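*Asks:* As numbered in my numbering, residues 1 to 80 make up the sequence shown, in order.
Certain hints may be false.
Taking CB as the label site, the calculated pair distances span [said to hold, decoys possible]:
id: 1; residue 1: D22; residue 2: S79; range: 16 to 24 Å
id: 2; residue 1: R73; residue 2: D49; range: 27 to 35 Å
id: 3; residue 1: G20; residue 2: R77; range: 29 to 37 Å
Listed below are the simulated DSBU-like cross-link pairs for lysine-lysine, each with C-alpha atoms no more than 30 Å apart in a straight line [claimed, not checked]:
id: 4; residue 1: K58; residue 2: K15
id: 5; residue 1: K58; residue 2: K39
id: 6; residue 1: K15; residue 2: K39
Note that these hints are calculated values from the structure, not bench results. Given the structure is predicted, the values throughout are model-derived calculations rather than measurements. All C-beta atoms in this analysis are idealised placements derived from N, C-alpha and C, irrespective of residue type, glycine included.
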Amino acid sequence: MADPLLRDEGAWTVKANCIGEDTSVFFPGPDDDPQAAIKICNRCVVRDDCLNWAIETKERFGIWGATSERQRRRIIRRSA
Numbered sequence: 001m002a003d004p005l006l007r008d009e010g011a012w013t014v015k016a017n018c019i020g021e022d023t024s025v026f027f028p029g030p031d032d033d034p035q036a037a038i039k040i041c042n043r044c045v046v047r048d049d050c051l052n053w054a055i056e057t058k059e060r061f062g063i064w065g066a067t068s069e070r071q072r073r074r075i076i077r078r079s080a
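Generate the whole structure from the sequences, applying the supplied hints.
*Replies:* Have a look at this one:
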């Protein structure tokens, strides 16, 4: 079943720059450079929505809202 966020035309996800991109770009390995994903995110109109979603859902993997897992953990710690 498809993710409802991807079907809802009012959802922020349908406006995301990453739609249609190779998802592996957003899940770089330890030796991979995340800059390709971050560049896509930095030009995205829903970057903040994406980051907020990743923080709210405690997404542990990948680049979301132009942030890495480590950066999101720092944001969460600082806001606690």
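*Asks:* Take the C-beta atom of G20 and the C-beta atom of R77, compute their distance, and say whether it sits inside 29 to 37 Å.
*Replies:* 34 Å, holds
*Asks:* The hint says 27 to 35 Å between R73 and D49; measuring C-beta to C-beta, is that right?
*Replies:* Since R73 and D49 have Cβ atoms about 20 Å apart, the given range 27 to 35 Å is violated.
*Asks:* Sort out whether K15 lies within 30 Å of K58, counting only the CA atoms.
*Replies:* Satisfied, since the Cα-Cα distance of roughly 22 Å is no more than 30 Å.
*Asks:* Could you grab the alpha-carbon distance between K15 and K39 and see if it respects the 30 Å cut-off?
*Replies:* 16 Å, holds
*Asks:* K58 and K39: Cα distance at most 30 Å?
*Replies:* Measuring from Cα to Cα gives roughly 22 Å; hence the hint holds.
*Asks:* Regarding D22 and S79, is the given constraint of 16 to 24 Å on their beta-carbon distance met?
*Replies:* 32 Å, violated
The structure is inconsistent with the numbered hints 1, 2, although it conforms to all the rest.
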